[in-house]
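J.: Kindly generate the complete structure, drawing on both the sequences and the hints.
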Amino acid sequence: MDGGAIPRPPIKRASLAIDRRRVNCHRRTPCCKRSREKKDSGHFPLGISSNTQFAFTALPPPPSFCSIDRKTAETMKKEMMGLMEDELFPSTPGKVKIERTHAISRQLHQCFASTSTMFLWALFLIALTASYLSFQSFVDSSSRYFDASWGGMQWEKQIRASATVRRPGGFSVLVTGAAGFVGTHVSLALRKRGDGVVGLDNFNSYYDPSLKKARMALLDSRGVFVVEGDINDARLLAKLFDVVPFTHVMHLAAQAGVRYAIENPASYVHSNIAGLVALLEACKSADPQPAVVWASSSSVYGLNEKVPFSESDRTDRPASLYAATKKAGEEITHTYNHIYGLSTTGLRFFTVYGPWGRPDMAYFSFTRNILQGKPITVYRGKDRVDLARDFTYIDDIVKGCVASLDTAEKSTGTGGRKRGPAQYRIYNLGNTSPVTVPALVGVLEHHLKMKAKRNVVEMPGNGDVPFTHANISLARAELGYKPTTNLETGLKRFVRWYLLYYGYNTRSGGLAGSAKSL
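Read in order, the letters of the sequence shown correspond to residues 334 to 851 in my numbering.
Incorrect hints may appear among the rest.
Said to hold, decoys possible - The calculated DSS-like cross-link candidates involving lysine-lysine, where the alpha carbons are at most 25 Å apart (straight line), are:
no., residue 1, residue 2
1, Lys825, Lys732
2, Lys815, Lys825
3, Lys786, Lys707
Treat the hints as calculated values from the structure; they're not laboratory data.
Being a predicted model, the structure only gives us computed values, none of them experimental.
T.: Rendered as structure tokens:
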């Protein structure tokens with residue numbers, strides 16, 4: 334001990350006993366006020382911060398702090414800090430010691446809590462931004478014709494604009510297979526007279542898709558919007574009926590062709606049966622239910638030998654898978670008519686031809702091969718009998734389709750529930766004047782001013798029938814249907830279109846001159 338220094342009384346542990354009732358009560362009770370007065374008067378040991386909040390029992394003041402040297406003061410400071418750390422934890426049951434909340438610890442805790450919150454908010458904002466960008470990308474892509482996706486505000490706007498009716502009492506019609514041969518012509522006719530038309534087509538590759546795209550461009554120029562999609566897509570169909578309350582459906586989408594069924598039978602089941610069911614499901618669930626007019630086929634008559642073919646004739650002997658799927662379609666539509674009250678009309682088309690036709694049809698391929706100098710294959714039936722078809726010009730078919738829409742009664746169901754009996758009809762749409770295939774070739778030779786290289790062979794057993802001949806008396810009586818275009822006139826119009834579309838009119842020589850004269 335240094336000379337002259339006054340000894341510091343030993344610090345008793347009991348002197349720092351804490352009364353729990355006085356912890357943090359310096360703002361409320363008089364006892365705490367006295368403690369603050371002691372603090373203000375300097376009666377706290379060295380090393381104790383004035384920010385430390387706890388209460389002491391009465392301590393005797395030191396003899397004289399000013400007489401304590403620096404070394405002793407530092408020793409006292411260390412001892413006092415050790416006592417404070419010991420008092421942070423209870424030593425006996427029931428005895429509670431004060432916890433000293435360090436200012437830095439509180440600040441760090443608040444900092445980490447704030448950082449965690451900010452991190453979570455940042456993650457939320459990033460996820461929200463990503464979702465928005467994905468949605469915008471979806472909307473932008475779905476508004477294009479040739480993109481497989483669909484939906485969005487712009488897409489719905491185009492649908493509604495195309496479905497807008499422009500004549501009193503007009504229809505709002507969904508046309509499936511709108512980029513097909515018959516679908517394009519029917520859509521144009523409906524649009525021309527002021528009906529609202531929305532098209533649906535999957536643009537498959539059964540034949541050159543560029544021809545379908547050209548048809549679609551023609552429809553677009555007339556204000557008809559074509560949705561790219563499949564009739565088997567139930568979500569797409571439900572969305573279309575949600576956007577537009579269609580009054581009518583003209584169902585022309587199908588897998589066509591008799592011979593192709595041998596190579597790809599599954600496509601016929603997918604389109605002609607499953608696709609039809611998917612469409613009828615959407616129609617029967619719609620509110621209000623639309624009237625349905627759809628394309629059957631003369632092929633349902635199959636091996637029928639009674640001529641001409643009438644709607645009441647047997648159709649239980651199909652000669653091809655294509656014919657079988659069309660016959661199944663007639664039975665399926667009857668079922669939905671009976672159970673759900675759907676108004677349905679089936680149209681049995683007889684060998685449709687004309688501008689914008691199908692490249693797989695005989696008259697189309699004959700024209701192409703004749704112009705290219707290639708031979709054509711002409712089939713002949715048993716006993717050297719020429720095949721004959723009831724060729725029907727596209728404009729006459731369109732008249733029958735439109736008349737069927739005009740005379741279709743409203744469906745009697747609502748939201749999938751039948752309210753009463755509904756209309757069910759089947760009609761033949763033909764020309765009633767069968768023409769042999771050799772005669773067809775002769776007409777083409779006349780209009781093309783070129784001779785065909787014919788290769789005559791026996792008809793293979795691939796599903797074709799030797800002849801077709803329509804009895805249209807029922808359609809004439811109930812629809813006012815009356816074909817007016819003969820084969821000579823119809824093929825002349827087709828050849829004119831073909832030469833212009835494929836650019837033959839730009840060539841020099843007799844062919845160009847003949848094209849201009851048509």
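J.: Holds or violated: Lys786 with Lys707, Cα cutoff 25 Å?
T.: Judged against 25 Å, a Cα distance of about 7 Å means the pair holds.
J.: Please verify whether Lys815 and Lys825 have alpha carbons no more than 25 Å apart.
T.: Cα-Cα ~20 Å, so holds.
J.: For a C-alpha distance cap of 25 Å, please report whether Lys825 and Lys732 respect it.
T.: holds (20 Å)
Violated hints: none; the structure is consistent with every hint.
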